[in-house]
Amino acid sequence: FIMTQGYTLLEGAWDISAAQTGFAVPFPVAVNPDGSVITGIALEEFVVDKSSKPATEPLNYPASTADKSQATLTVRENYGDAPTVIPSSGWDYTDSTLTAIKLTSGPFGGSGSFGPTALYEFTYTAKNPVLAGLGFAALRDLAGFLRKAQTDDFGAPNPLAGDVQAIYTTCYSQPCRTMHDFVRLGFNEAEYVHNKNGNGGAGHQHEKVFDGVLNLVGGGNGIYMNYRFAQPSRTHRQHIGRWYPEFQFPWANHITHDRVTQQSAGRLDACQRTDTCPKIIELNSENEYWSKGGSLLTTDTDGNDLQLDNTPNVRYYLLSSLPHAAGSAAGNCQQPQNPLTPRPVLRALLVDLDDWVTNGMPPPDNRVPQRADGSLVPSLPQSGMGFPDIPGVNYNGILHTGDLYDYGPQFAQGILSILPPIDIGTPYPVFVPKTDGDGNDIAGIRLPDVSVPLATYTGWALRASAPGDPVPIVDGCDASGQRIPLQKTMADRLAAGDPRPSLQERYADNATYVNLVTQAARQLQAERLLLEMDVQAYIAAAEAVVIFP
Numbered sequence: 079f080i081m082t083q084g085y086t087l088l089e090g091a092w093d094i095s096a097a098q099t100g101f102a103v104p105f106p107v108a109v110n111p112d113g114s115v116i117t118g119i120a121l122e123e124f125v126v127d128k129s130s131k132p133a134t135e136p137l138n139y140p141a142s143t144a145d146k147s148q149a150t151l152t153v154r155e156n157y158g159d160a161p162t163v164i165p166s167s168g169w170d171y172t173d174s175t176l177t178a179i180k181l182t183s184g185p186f187g188g189s190g191s192f193g194p195t196a197l198y199e200f201t202y203t204a205k206n207p208v209l210a211g212l213g214f215a216a217l218r219d220l221a222g223f224l225r226k227a228q229t230d231d232f233g234a235p236n237p238l239a240g241d242v243q244a245i246y247t248t249c250y251s252q253p254c255r256t257m258h259d260f261v262r263l264g265f266n267e268a269e270y271v272h273n274k275n276g277n278g279g280a281g282h283q284h285e286k287v288f289d290g291v292l293n294l295v296g297g298g299n300g301i302y303m304n305y306r307f308a309q310p311s312r313t314h315r316q317h318i319g320r321w322y323p324e325f326q327f328p329w330a331n332h333i334t335h336d337r338v339t340q341q342s343a344g345r346l347d348a349c350q351r352t353d354t355c356p357k358i359i360e361l362n363s364e365n366e367y368w369s370k371g372g373s374l375l376t377t378d379t380d381g382n383d384l385q386l387d388n389t390p391n392v393r394y395y396l397l398s399s400l401p402h403a404a405g406s407a408a409g410n411c412q413q414p415q416n417p418l419t420p421r422p423v424l425r426a427l428l429v430d431l432d433d434w435v436t437n438g439m440p441p442p443d444n445r446v447p448q449r450a451d452g453s454l455v456p457s458l459p460q461s462g463m464g465f466p467d468i469p470g471v472n473y474n475g476i477l478h479t480g481d482l483y484d485y486g487p488q489f490a491q492g493i494l495s496i497l498p499p500i501d502i503g504t505p506y507p508v509f510v511p512k513t514d515g516d517g518n519d520i521a522g523i524r525l526p527d528v529s530v531p532l533a534t535y536t537g538w539a540l541r542a543s544a545p546g547d548p549v550p551i552v553d554g555c556d557a558s559g560q561r562i563p564l565q566k567t568m569a570d571r572l573a574a575g576d577p578r579p580s581l582q583e584r585y586a587d588n589a590t591y592v593n594l595v596t597q598a599a600r601q602l603q604a605e606r607l608l609l610e611m612d613v614q615a616y617i618a619a620a621e622a623v624v625i626f627p
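Numbering (my numbering), first residue to last: 79 to 627.
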């Protein structure tokens, strides 16, 4: 779709975990001022699922010593469980490189294997941190080169010299959290340099790097990148990654005050000072609210709605009832996963973003759940959240809480000296979208699958226990959602004890269903949230559905 719109598409490397196979950035290793090796505490989390029993686990940084008294390995099954220390006799480094560990005995999986269904945390003294924060500069300078330069430093020509009209970024998940910190740290201001090839602009003119940013499922979080011993590939969920510093104030683009830490800040502070803020679309699924504390993107740290009109260069949308990542089979989850994808809305919003940047036409109004109208609520009680009591479907309201951790006195300088961090509590209230009687989100952009449903679609799911698991698994199933089909007839529904109206009670015949889907798709098109190609695709898909033989 992007290519048919006449765009030039470029992918750029910025992440230290990208394999050095040609498409990567060579990051230097940091050293002390005297050239000596830097060492410091680091934390690895090994997430082992019910069907997995790995023999070894790699470390992101090599250990600085083989002395096992300088390291600690713990294990737990649910995030809320107390970690159990595995004695040093129960694990070892795999070889003299000190870049991976193995179990020699242990409470899970027996000798020689990790898991299943366990969270292992390995705290150790690491060495040789890389300058991962240069990834922000890599993004900035690549875009700046395309916009302004004639050649690179080695004389290779810029293939887009003189042809760039606007530069947009589109991203999914981790790169979108990167863009949050990219903007927050001021990297959307170009840094042009004069040289003999005529690259760059005339001095420091406060020019933008990206004109528009389309963030898909980035939540309100940043990325674990501008830190010593950074691990940008880590991500928070309710179950995983909670001890890494991704979830940090400020979460919102607005300037808000954190009464706990007495900070006042917003993600747009730096670019607003230099008038270099891009146009931003924040498009999130329901999963970000359950798994990543996503409500803090549009509420303050006391849980009150932010005035979204106060950030006129940002639009906020919820993809109602969508997961972070689409799926079908249950996998590690209790129910079959949610197959809905954001692609139809993404296509429309890219057109809207381009109209916004190039023609000054604002995108559709914000569409997110809010506290004021009761569409953004606590996850418990279940009745208050609105999710129906469906036979065979568990609901426990577990979600990513608004945590605060103490990483040590040098945390503001990017150095974590306390790992695992000290848990100070959960002072920041987080909320989830309220559902209708079917269990589908009320607020947001409701795709025809959601507004004219054949099933309940959720952005959250619960993990399944492994056979014979000694501890009940209660945690969320990370990025997944659920698809829970509606009963076909009233008799089926009554026999199952299902409170949701059956297909027979909703749709008199197949034609009725197709007409309702057509109306829903046309309404989204009128609101500039679907394109004609996707309207036709929804209609064709509805015509292929046989509700009543």
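Mixed in with the good hints, there may be bad ones.
Stated by the list, open to error - DSS-like mimics (lysine-lysine), calculated; alpha carbons at most 27 Å apart, straight line: (1) Lys566 <-> Lys512; (2) Lys128 <-> Lys205; (3) Lys146 <-> Lys180.
Simulated from the structure, these hints should not be mistaken for lab results. As the structure is a computational prediction, the values presented were derived from the model and not from experiment.
Query raised in the report: When you check the alpha-carbon spacing of Lys128 and Lys205, does it fall within 27 Å?
Result: At roughly 32 Å apart (the allowed maximum being 27 Å), Lys205 and Lys128 break the hint.
Query raised in the report: Does the alpha-carbon distance linking Lys566 and Lys512 stay inside the 27 Å limit?
Result: Holds. Lys566 to Lys512 sits at ~25 Å (cutoff 27 Å).
Query raised in the report: Does the alpha-carbon distance linking Lys146 and Lys180 stay inside the 27 Å limit?
Result: holds, 13 Å
When each numbered hint is compared with the structure, a violation occurs for hint 2 only.
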